[in-house]
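> First residue of the sequence shown? That's 1 in full-length UniProt numbering, and the numbers climb one at a time after it.
Any given hint could be a false lead.
Unchecked claim - Below 30 Å or equal to it, Euclidean Cα-Cα: the simulated DSSO-like pairs (lysine-lysine) are: (1) Lys24 / Lys105; (2) Lys495 / Lys365; (3) Lys811 / Lys730; (4) Lys397 / Lys220; (5) Lys330 / Lys24; (6) Lys238 / Lys397; (7) Lys239 / Lys217; (8) Lys253 / Lys317; (9) Lys446 / Lys218; (10) Lys272 / Lys372; (11) Lys70 / Lys38; (12) Lys159 / Lys250; (13) Lys623 / Lys675; (14) Lys530 / Lys60; (15) Lys220 / Lys186; (16) Lys159 / Lys38; (17) Lys57 / Lys105; (18) Lys365 / Lys397; (19) Lys57 / Lys675; (20) Lys540 / Lys217; (21) Lys517 / Lys38; (22) Lys730 / Lys186; (23) Lys188 / Lys239.
Everything labelled a hint here was simulated from the structure, so no lab data went into it.
Here the structure is a predicted model, which means the values were calculated and not measured.
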Amino acid sequence: MNVVVVESPAKAKTINKYLGPDYKVLASYGHIRDLPAKDGSVKPDDDFAMDWEIDPKSSKRVKEIADAMKGADHLILATDPDREGEAISWHVLEALNQRKALKGKTVKRVTFNAITKAAVQAAMAAPRDIDMELVDAYLARRALDYLVGFSLSPVLWRKLPGSRSAGRVQSVALRIVVDREVEIEKFKPQEYWSVDAQLSSTRGDIFPARLSAFEGKKLKRLDIATEAVAHAARDAVKKGGFKVSAVEAKPTKRNPPPPFTTSTLQQEASRKLGFNASRTMQTAQRLYEAGHITYMRTDGVSMDEGAMRELRTAIGKQFGNPYVPAEPRKYVSKIKNAQEAHEAIRPTDPTNTPQQLSLDGDQAKLYDLVWKRAVASQMESASIERTSIDFTEPTGKVELRATGQVILFDGFLKLYQEGRDDEEDEENRRLPQLKQGESVNVHDVKADQHFTEPPPRYSEASLVKKLEELGIGRPSTYAAILEKLRERNYVRMDKNRFIADDRGRLVTAFLENFFAKYVEYDFTADLEGKLDEVSAGSLKWKTLMREFWTDFSGAITDISDLRITQVLDTLNEVLGPHIFPPKEDGSDPRVCPLCNVGQLSLRLGKFGAFVGCSNYNGDPPCKFTRPLAGNGDEAQNAIPSDGLPFGDGPAGPVVLKSGRFGPYFETPNPDDPDKPKRASLPRGWTAESTTPEKALALLALPRQVGMHPSENEMVLAGVGRYGPYLQMGKMYANLPSIEDVFEIQMNRAVAVIDEKKAGGGKGRFGRAAPAPIKELGESPVTGKPVRVLNGRYGPYINDGEINANVPNGTKPEDVTLDEALSLLAARLEAGGGKKKKKAPAAKKAAPKKEATAPKKAAAPRKAAAKKAPAKKAAKKA
């Protein structure tokens, strides 16, 4: 009997079909071990020893594999053919050896690039040992990410309250987004003009042409800088008399793009399908596990020779022999640090067209894209004739040029064109056949004003491309990097573009000024190169770690000695142009708009950065504050401490006030005079654009949408901590926009709620409560599990008897057992929970347990066994 271990049950199911009864295929469900999400899991002082733990779910998987090995002779590790796959196999092997489940058994490693019968059987016939050099590269990457995250993030928390975390690659990706934002802000538009004409031949063909020379001077794009010059050129063209002075027809070929790598697949899926990187990779994973495409984490563009032959045969059958080039096309990557360890992404069987597979939804769309790109990569080039025609009037001082192209043979363009399918090429027009000396007539001439535009913000596609060009990250990490930036609220998305949020700009400015080396593009790319050297066996992973840690730990020590006032002074200077943009009237942008005496400056509070007046403790004191970034809306920013009148409501006046988290409306509450009704000004709304009617509508939330027809419960719409929502009983469903809160009607509300129920509602719909966000271990006070849960009002910690809120700015997955015990003790001392009388004892017990835990080996192991899944811990760095 042979036991085969793969990552996922879907992959196991597919492989089971290809192997006989002598094989039992089991899934590890990804990584079975990871570093505990607490400080000290990597020990630089102990030659970078690493503590690994198995979470409860993975323990069941390991036991299942160990039990299967009792009746087996061979263990075959068949995880993915990359660094992560090698590491998963190594972890499985280590865990089974600890259980002593492999005595007298043989262990082999097999890899395949596609889950097809032929590929799987060929892999089984050529087993090997685990590649420890790949495992070493994994260990180095994991240790680097862990040490950077757990060393740098606490510095951020102390020096920049409200910051979430920093990461080795995440911080560099954020810097790319921030640098582009700064570039856009510094950009100064330049005016220029264009002069365009509509010409016609003597045969009546009408076509466009553009002014290319004026007053005897050849023009570049920005050369016509004023309206006067543009109108003079326009009038000169109107005089006509143009003849053909030159005709150039230049034949050329356009070659097909190479088959997909991970990066180019993410980019093209973003452009053509609107998929983000995570959605693309999840869909590609399902296609791979079903055996439809080859392995989807690759930076190689090469293709198996047998696959190229199959593609060429398929092209000949479907499109004809003219579309099959004389020789197979072979591609080489031009990307920095490309490993090219695997094939490009392609269909496992090119004869399986998208129509024949009958896939649904995202899988159908992505498979269609992969199939077309792979097939097109082996098709004949397109033959194109590019034509340029110059026209000159009698004086020779004014010239026009018309350009176009004709596709003589479409080649691969018959199937696929890179970029959006609906993109229109400016030159993709056919010009009439004209001979030198032939006259043309001028039908219409116009002069148009333009302004140069700043570089565009990054989309997912362009940011992934930039990371790849710089050699930062690896194909398997791009989706996680982008998702982490969004999770941390360091960026926000607008029209599928990344915009650096104030929190992200603050973190980047801090890192650039105090950890400059570690957010440099070249340094990060060089580190990736050294990890590749570890993979190749030319560099020992601990040598790499020692070199990195010596400098990095010194930088951490240096910054720890800085006072927060020093940090603030630096950030005030660096972020000054962003926080205090110049005013149109030339006045000092730092003068407080409320008291006109104090100077505005960056301040740090418990919940993050804000702008405050230096006259805060003056006589009289100025209480002006505003969010970090000024938007030029002085009416909104300079709200007096007693508020601005905003009309009258049913219970009294409505007032616009300014709080630490921005402007909000307030009106008396007839039910509780001590607690007035308040509603924050939603993101995207300004004080000037908000009417009194809108303010009253906000204050009246939540709005009753109506009774659910089948559940017989009232459906409410409101705006909460996590944005606009629908509520029915204890169930909440997100709404896309604030406007939906006021406009949604019952039919759509029922659909939104039904969709939420289908995805896993809570409580009264008969579904099980959601699993804990994280299990931390056993409480030394109650003896019960300490868990992080997701509650109605946000994440909280529970030890079976007491609840304590997760502090604002702390990600639930990042909470450690020690932190949880401290929060629970503080909550108990404040009078929370059922056992108030035991508060002093609980307070003493928690620190005692923390102090003795390192000395008792049993306690940490017991707690570690209840930790959260390893994948969540891995995301920390």
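> Given the hinted pair Lys517 and Lys38, is their Cα-Cα distance within 30 Å?
Since the Cα atoms of Lys517 and Lys38 sit roughly 26 Å apart, the hinted pair holds (cutoff 30 Å).
> Does Lys105 sit within 30 Å of Lys57, going by the straight-line distance between their CA atoms?
The given pair, whose Cα atoms are some 25 Å apart, holds under the 30 Å limit.
> Does Lys60 lie within 30 Å of Lys530 when you go C-alpha to C-alpha?
Status violated; Cα separation ~36 Å.
> Assess, step by step, whether the Cα of Lys159 is no farther than 30 Å from the Cα of Lys250, and give holds or violated.
violated, 62 Å
> Take the C-alpha atoms of Lys397 and Lys220, compute the straight-line distance between them, and say whether it is at most 30 Å.
With a Cα-Cα distance of about 15 Å, the restraint between Lys397 and Lys220 holds, given a limit of 30 Å.
> Do the alpha carbons of Lys24 and Lys105 lie within 30 Å of each other, as the hint requires?
holds, 15 Å
> Does Lys24 lie within 30 Å of Lys330 when you go C-alpha to C-alpha?
Status violated; Cα separation ~39 Å.
> For the pair supplied as a hint, Lys70 and Lys38, is the alpha-carbon distance within the 30 Å limit?
With a Cα-Cα distance of about 35 Å, the restraint between Lys70 and Lys38 is violated, given a limit of 30 Å.
> Would you check the hint for Lys253 and Lys317, treating anything up to 30 Å between C-alpha atoms as holding?
Roughly 24 Å separates the two Cα atoms, so the pair holds.
> Are Lys446 and Lys218 close enough, with their CA atoms no more than 30 Å apart?
Roughly 19 Å separates the two Cα atoms, so the pair holds.
> Take a quick look at whether Lys623 and Lys675 sit within 30 Å of each other, Cα to Cα.
Holds, because 22 Å separates the two Cα atoms, which is no more than 30 Å.
> Keeping to a limit of 30 Å between CA atoms, is the pair of Lys188 and Lys239 held or broken?
violated, 36 Å
Against the hints set out earlier in the document, violations occur for numbers 5, 11, 12, 14, 18, 19, 20, 22 and 23.
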